[in-house]
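Undergrad: Could you build all of it, start to finish, from the sequences and the hints given here?
Next come the chains, spelled out residue by residue.
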Amino acid sequence: MGHQDVKFYQTGTFTVGNRLLPPEQRSVQSEIERTNSLNCGHRACQGCGEALGARYAIDAAMRATNNQLVAVNATGCLEVFSTPYPETSWQIPWIHSLFGNAAAVATGVAAAAKVRARKAGQQLPEVRVIAQGGDGGTTDIGFGCLSGMFERNDDVLYICYDNQAYMNTGVQRSSATPPAARTATTMPVGEHPGNDWGQGKNVPLIAMAHGIPYVATASVSDLRDLEYKVKKAMSMRGARYIHIFVPCPLGWGSASHDTIKLARLAKETGLFPVFEAEYGEVTNVSKIRQKQPVEAYLRLQRRFAHLFGKKPQVELIARFQAMADQNIHKFGLLGNDKAVVGFPDSEHK
Amino acid sequence: MLKQCEGSHAVAEAVALSRPEVICAYPISPQTHIVEGLGEMVKAGDIKNCEYINVESEFAAMSVAIGSSAAGARTYTATASQGLLFMVEAVYNASGLGLPIVMTVANRAIGAPINIWNDHSDSMSQRDCGWIQIFAETNQEAADLHIQAFKLAEELSLPVMVCMDGFILTHAYERVDIPTQEQVDKFLPPYSPRQVLDPAAPVSIGAMVGPEAFSEVRYLAHAKQMQALELIPKIASEFQEIFGRDSGGLVRPYMLEDAETVVIALGSVLGTIKDTIDEMRADGISIGVLGINSFRPFPVSAIRRALSHAKRIVVLEKSLAVGIGGIVATDVRMALDGLDKRIYTVVAGLGGRNITRSSLHRVFRMAMHDQLEALHFLDLEWSIVNKELDRERTTRRSGPIAENILRDLGQTKSNVG
Amino acid sequence: MFQVRIHGRGGQGVVTGAEMLSIAAFLEGRHAQAFPSFGSERTGAPVVAFCRIADKEIRLREPVMEPDALIIQDATLLHQIDVFAGLSADGYVVLNTNHSFEDLGLGDLAKRIRPERLVAVSATDLSLKHVGRNAPNVPLLGAFAAVSGLISLDSVVAAIRDKFSGKVADGNIAAATEAYNIAKAAMEAAHA
Numbered sequence: 000m001g002h003q004d005v006k007f008y009q010t011g012t013f014t015v016g017n018r019l020l021p022p023e024q025r026s027v028q029s030e031i032e033r034t035n036s037l038n039c040g041h042r043a044c045q046g047c048g049e050a051l052g053a054r055y056a057i058d059a060a061m062r063a064t065n066n067q068l069v070a071v072n073a074t075g076c077l078e079v080f081s082t083p084y085p086e087t088s089w090q091i092p093w094i095h096s097l098f099g100n101a102a103a104v105a106t107g108v109a110a111a112a113k114v115r116a117r118k119a120g121q122q123l124p125e126v127r128v129i130a131q132g133g134d135g136g137t138t139d140i141g142f143g144c145l146s147g148m149f150e151r152n153d154d155v156l157y158i159c160y161d162n163q164a165y166m167n168t169g170v171q172r173s174s175a176t177p178p179a180a181r182t183a184t185t186m187p188v189g190e191h192p193g194n195d196w197g198q199g200k201n202v203p204l205i206a207m208a209h210g211i212p213y214v215a216t217a218s219v220s221d222l223r224d225l226e227y228k229v230k231k232a233m234s235m236r237g238a239r240y241i242h243i244f245v246p247c248p249l250g251w252g253s254a255s256h257d258t259i260k261l262a263r264l265a266k267e268t269g270l271f272p273v274f275e276a277e278y279g280e281v282t283n284v285s286k287i288r289q290k291q292p293v294e295a296y297l298r299l300q301r302r303f304a305h306l307f308g309k310k311p312q313v314e315l316i317a318r319f320q321a322m323a324d325q326n327i328h329k330f331g332l333l334g335n336d337k338a339v340v341g342f343p344d345s346e347h348k
Numbered sequence: 000m001l002k003q004c005e006g007s008h009a010v011a012e013a014v015a016l017s018r019p020e021v022i023c024a025y026p027i028s029p030q031t032h033i034v035e036g037l038g039e040m041v042k043a044g045d046i047k048n049c050e051y052i053n054v055e056s057e058f059a060a061m062s063v064a065i066g067s068s069a070a071g072a073r074t075y076t077a078t079a080s081q082g083l084l085f086m087v088e089a090v091y092n093a094s095g096l097g098l099p100i101v102m103t104v105a106n107r108a109i110g111a112p113i114n115i116w117n118d119h120s121d122s123m124s125q126r127d128c129g130w131i132q133i134f135a136e137t138n139q140e141a142a143d144l145h146i147q148a149f150k151l152a153e154e155l156s157l158p159v160m161v162c163m164d165g166f167i168l169t170h171a172y173e174r175v176d177i178p179t180q181e182q183v184d185k186f187l188p189p190y191s192p193r194q195v196l197d198p199a200a201p202v203s204i205g206a207m208v209g210p211e212a213f214s215e216v217r218y219l220a221h222a223k224q225m226q227a228l229e230l231i232p233k234i235a236s237e238f239q240e241i242f243g244r245d246s247g248g249l250v251r252p253y254m255l256e257d258a259e260t261v262v263i264a265l266g267s268v269l270g271t272i273k274d275t276i277d278e279m280r281a282d283g284i285s286i287g288v289l290g291i292n293s294f295r296p297f298p299v300s301a302i303r304r305a306l307s308h309a310k311r312i313v314v315l316e317k318s319l320a321v322g323i324g325g326i327v328a329t330d331v332r333m334a335l336d337g338l339d340k341r342i343y344t345v346v347a348g349l350g351g352r353n354i355t356r357s358s359l360h361r362v363f364r365m366a367m368h369d370q371l372e373a374l375h376f377l378d379l380e381w382s383i384v385n386k387e388l389d390r391e392r393t394t395r396r397s398g399p400i401a402e403n404i405l406r407d408l409g410q411t412k413s414n415v416g
Numbered sequence: 000m001f002q003v004r005i006h007g008r009g010g011q012g013v014v015t016g017a018e019m020l021s022i023a024a025f026l027e028g029r030h031a032q033a034f035p036s037f038g039s040e041r042t043g044a045p046v047v048a049f050c051r052i053a054d055k056e057i058r059l060r061e062p063v064m065e066p067d068a069l070i071i072q073d074a075t076l077l078h079q080i081d082v083f084a085g086l087s088a089d090g091y092v093v094l095n096t097n098h099s100f101e102d103l104g105l106g107d108l109a110k111r112i113r114p115e116r117l118v119a120v121s122a123t124d125l126s127l128k129h130v131g132r133n134a135p136n137v138p139l140l141g142a143f144a145a146v147s148g149l150i151s152l153d154s155v156v157a158a159i160r161d162k163f164s165g166k167v168a169d170g171n172i173a174a175a176t177e178a179y180n181i182a183k184a185a186m187e188a189a190h191a
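Residue numbers (numbering that gives the first Met the number 0), protein chains in the order written: chain A, 0 to 348; chain B, 0 to 416; chain C, 0 to 191.
In short, the hints are calculated from the structure, not lab data. Quick reminder that beta carbons are idealized off the backbone N, C-alpha and C, glycines included. One should not assume that every hint holds.
List of simulated lysine to any residue pairs, SDA-like, C-alpha gap at most 20 angstroms [as the list claims (entries may be wrong)]:
1) K340(B) - G324(B)
2) K337(A) - A208(A)
3) K118(A) - L187(B)
4) K230(A) - P198(B)
5) K260(A) - G279(A)
6) K200(A) - Q171(A)
7) K118(A) - P192(B)
8) K118(A) - P188(B)
9) K230(A) - L123(A)
10) K162(C) - M40(B)
11) K118(A) - P189(B)
12) K310(A) - P178(A)
13) K128(C) - R116(C)
14) K42(B) - T31(B)
15) K290(A) - K329(A)
16) K223(B) - S191(B)
17) K2(B) - R29(C)
18) K55(C) - F1(C)
19) K2(B) - H30(C)
20) K118(A) - K42(B)
21) K55(C) - D274(B)
22) K118(A) - P198(B)
23) K118(A) - S191(B)
24) K118(A) - Q171(A)
25) K118(A) - Y190(B)
26) K290(A) - K310(A)
27) K42(B) - Q67(A)
28) K47(B) - A119(A)
29) K55(C) - Y253(B)
30) K200(A) - A119(A)
If you anchor each label on the Cβ, the simulated ranges turn out as follows [what the hints assert, rightly or not]:
31) T42(C) - P26(B): 49 to 55 angstroms
32) S214(B) - A321(A): 36 to 42 angstroms
33) T42(C) - P399(B): 24 to 30 angstroms
34) Y218(B) - A321(A): 56 to 62 angstroms
TA: This is how it looks when you write it as structure tokens:
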């Protein structure tokens with residue numbers, strides 16, 4: 000499966016009509032031979048974006064590596080809901096160590112694989128490694144290890160499932176929490192309700208600044224694109240990073256059936272740019288198909304309800320819109336615009 | 000081969016001979032020379048099939064070690080002091096997961112105030128972390144213990160900390176017999192893991208365990224350490240057969256048979272204590288020393304046996320359990336439960352304070368006459384302490400203690416040693 | 000047991016000097032222990048290192064407080080710290096200087112110590128001449144070998160080869176040998 004624009008959508012949803020595609024272009028997940036790496040029976044909430052994202056990502060990686068995959072998991076929802084004692088949903092070799100060290104543990108697994116390969120007389124190890132964690136485990140507590148893994152260019156694909164807060168511990172703010180959002184530690188009280196307005200921490204851009212071979216963002220609203228990016232990442236060696244947008248009904252106060260819709264609106268408003276970058280430079284962006292106002296996205300989530308009360312916070316909503324518009328400009332999300340962010344690297348031109 | 004070399008170098012050679020497959024390196028004094036030496040050996044191709052990883056922190060060092068060990072590679076790292084504390088979460092995780100990592104701790108004090116010199120506060124802070132902790136008395140023993148540590152770790156599937164006195168051993172040049180590769184290969188078989196991340200046989204490592212089974216998992220960790228009490232002497236005797244040297248074991252008695260007063264200590268200070276005891280014995284004093292090689296597991300029975308004839312025990316330790324006193328002494332009390340013996344705690348050598356024969360003579364003689372207080376701080380400068388206590392009594396904003404004391408001392412004294 | 004204390008400043012090879020002395024003794028089949036007074040690495044700061052030499056295993060780990068010999072690599076330390084602390088009347092002193100002991104205000108010391116055990120060598124000049132940098136530690140070892148007779152010049156040369164190679168080793172060997180000869184001559188003069 001290569002990257003290609005698919006012109007078929009289900010009515011009103013833009014969801015790819017998988018059944019309308021020739022078999023060779025269908026998603027990994029549509030196949031009977033899919034590995035079910037994250038098997039059914041896990042304890043994720045209804046409508047969990049992370050469970051969906053992880054299932055697609057890991058199955059795609061399994062396919063891409065001919066099932067020679069090891070996964071390292073940071074502490075968090077994915078870890079907890081997938082391995083409730085004495086059961087495990089993982090059908091692949093999987094290790095959970097700590098909250099903040101998934102990238103480093105993956106470095107260790109990759110190093111061991113390298114030694115094994117060398118001892119067997121192989122140039123490159125057959126066994127590949129994915130590290131995965133939520134936004135807290137990635138952009139906050141695991142950030143040091145992540146940056147270290149990038150800088151050494153270790154042969155690891157790190158996947159961040161970004162649901163924009165610490166959900167496992169009861170929805171507290173992370174450095175990926177959007178401004179004004181209600182969390183358990185940024186309550187909608189006082190003069191400036193919700194999370195402080197700030198820059199946040201743009202880990203995909205920071206990853207690009209390390210000059211690593213591959214950085215991509217993806218969304219559970221475009222699972223074919225997600226599969227394509229995982230497959231592409233696994234075709235490369237060195238440090239790679241995919242940041243997947245995964246709505247959380249529990250933490251966001253959204254309807255379970257709106258997970259995909261919210262993910263799509265995040266992309267279509269420009270709040271979450273979907274793109275690829277190689278060696279620091281943006282190489283591909285998913286264009287906005289039908290631009291949406293930020294209000295359409297914000298209104299579906301109770302974490303932003305205080306923006307739309309009796310006295311709508313018009314100013315804040317406008318700031319959100321400005322943020323989305325800035326993304327649209329930075330990443331060239333509309334029409335034939337080009338991305339203006341990145342860290343060009345002459346060595347890899 | 001006999002060699003006159005630095006302790007760190009001897010350890011690096013011993014680790015290299017153990018055929019490590021992944022080494023994680025992060026600089027912190029006084030272990031740095033060890034990983035520097037290993038880095039050079041890997042780069043020069045003297046250690047084959049080994050990945051040497053310059054990590055970004057001690058937390059990452061132990062985390063990388065967790066990953067590589069779980070993926071089936073023989074794994075080594077080294078740290079000290081603040082570095083050990085920075086990796087603590089991963090230290091507990093490695094033992095909880097049962098991963099046979101070997102780590103050198105070049106013992107050093109913990110700040111604040113920052114202090115780079117030797118004592119045992121760092122590894123003692125981790126006495127309950129589930130790692131086996133063995134202490135080296137000399138550089139020869141430090142080298143030997145690393146080779147034994149890999150065997151011990153891998154047989155039990157538990158991590159092992161080899162503790163050696165920072166600077167005093169790591170930076171000392173002395174005679175070390177470096178074994179041959181053939182000897183080490185004969186002693187230490189290739190690593191055959193009990194659990195491994197293998198796509199051919201997928202397992203989940205590190206799953207959550209709730210109240211229904213957590214106690215059982217923890218008990219098994221304890222049971223494994225109890226097995227080590229059998230295994231450590233066994234491995235030491237296997238080592239002796241191949242290398243012809245008595246290294247390691249649980250405890251090491253010296254002049255103990257008839258000793259009325261017995262000193263207990265760990266690490267390199269045992270040498271100075273032995274010299275002191277020789278001098279006291281020459282004066283007809285009935286005194287001996289028991290070195291503890293294995294601090295975790297704590298050899299309760301071996302210590303109880305060794306001390307059966309002693310009238311009084313002096314536990315001399317380079318660590319302080321603030322708010323109670325001795326760390327080792329507390330464990331020794333447990334080992335001697337129900338026996339009628341005086342037990343004195345002497346806290347000594349904190350932050351690199353020299354432990355001299357003359358001070359040891361004084362404190363051992365005081366103990367001999369039962370004139371020692373239960374908790375004694377060796378060579379403590381009371382005038383400094385009292386001056387600061389007085390300052391705090393009389394002045395609300397008395398200022399930072401360390402700076403006050405340095406000012407009282409009239410700049411840092413340039414004293415020998 | 001013979002105990003040596005070496006004083007100098009960071010960058011002058013104080014620690015390396017003690018290590019080489021221990022290697023030289025080891026090569027003669029003796030037990031030796033060398034260690035520094037530990038501290039942060041700073042160029043120019045006072046540094047002390049120790050070496051013990053004995054015929055059986057050395058267990059003692061305390062610093063050398065009553066040295067049998069002192070090697071002083073930097074005369075500017077003389078009035079800054081008590082480098083002579085603990086030195087007995089029949090101890091040895093090897094000093095890096097091109098001044099006389101009287102000039103340095105050490106007249107009293109010169110009277111106290113046996114003259115053939117007190118030697119001044121311009122080790123800095125020798126190292127500049129043969130090695131091209133201020134590394135007085137090695138020539139002072141040569142002088143120490145001559146004065147103490149504890150180790151042979153051959154062992155010092157072998158220890159230099161253990162630590163250095165190529166031109167640096169050759170230069171240091173030349174410096175140590177010249178210092179050895181100077182010290183030997185000075186001793187004979189003192190005896191006469």
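Undergrad: Now, for every hint given, state plainly whether the structure supports it.
TA: Quick rundown of the hints versus the structure:
no. : hint                                  : in the structure
1   : K340(B) - G324(B)                     : holds, 18 angstroms
2   : K337(A) - A208(A)                     : holds, 19 angstroms
3   : K118(A) - L187(B)                     : holds, 18 angstroms
4   : K230(A) - P198(B)                     : holds, 18 angstroms
5   : K260(A) - G279(A)                     : violated, 30 angstroms
6   : K200(A) - Q171(A)                     : holds, 16 angstroms
7   : K118(A) - P192(B)                     : holds, 17 angstroms
8   : K118(A) - P188(B)                     : holds, 16 angstroms
9   : K230(A) - L123(A)                     : holds, 18 angstroms
10  : K162(C) - M40(B)                      : holds, 17 angstroms
11  : K118(A) - P189(B)                     : holds, 13 angstroms
12  : K310(A) - P178(A)                     : holds, 18 angstroms
13  : K128(C) - R116(C)                     : violated, 26 angstroms
14  : K42(B) - T31(B)                       : holds, 17 angstroms
15  : K290(A) - K329(A)                     : holds, 16 angstroms
16  : K223(B) - S191(B)                     : holds, 18 angstroms
17  : K2(B) - R29(C)                        : holds, 12 angstroms
18  : K55(C) - F1(C)                        : holds, 12 angstroms
19  : K2(B) - H30(C)                        : holds, 11 angstroms
20  : K118(A) - K42(B)                      : holds, 17 angstroms
21  : K55(C) - D274(B)                      : holds, 12 angstroms
22  : K118(A) - P198(B)                     : holds, 18 angstroms
23  : K118(A) - S191(B)                     : holds, 15 angstroms
24  : K118(A) - Q171(A)                     : violated, 46 angstroms
25  : K118(A) - Y190(B)                     : holds, 14 angstroms
26  : K290(A) - K310(A)                     : violated, 26 angstroms
27  : K42(B) - Q67(A)                       : violated, 29 angstroms
28  : K47(B) - A119(A)                      : holds, 13 angstroms
29  : K55(C) - Y253(B)                      : holds, 17 angstroms
30  : K200(A) - A119(A)                     : violated, 42 angstroms
31  : T42(C) - P26(B): 49 to 55 angstroms   : violated, 19 angstroms
32  : S214(B) - A321(A): 36 to 42 angstroms : violated, 55 angstroms
33  : T42(C) - P399(B): 24 to 30 angstroms  : holds, 28 angstroms
34  : Y218(B) - A321(A): 56 to 62 angstroms : holds, 59 angstroms
Comparing the model with each numbered hint stated earlier shows that hints 5, 13, 24, 26, 27, 30, 31, 32 do not hold.
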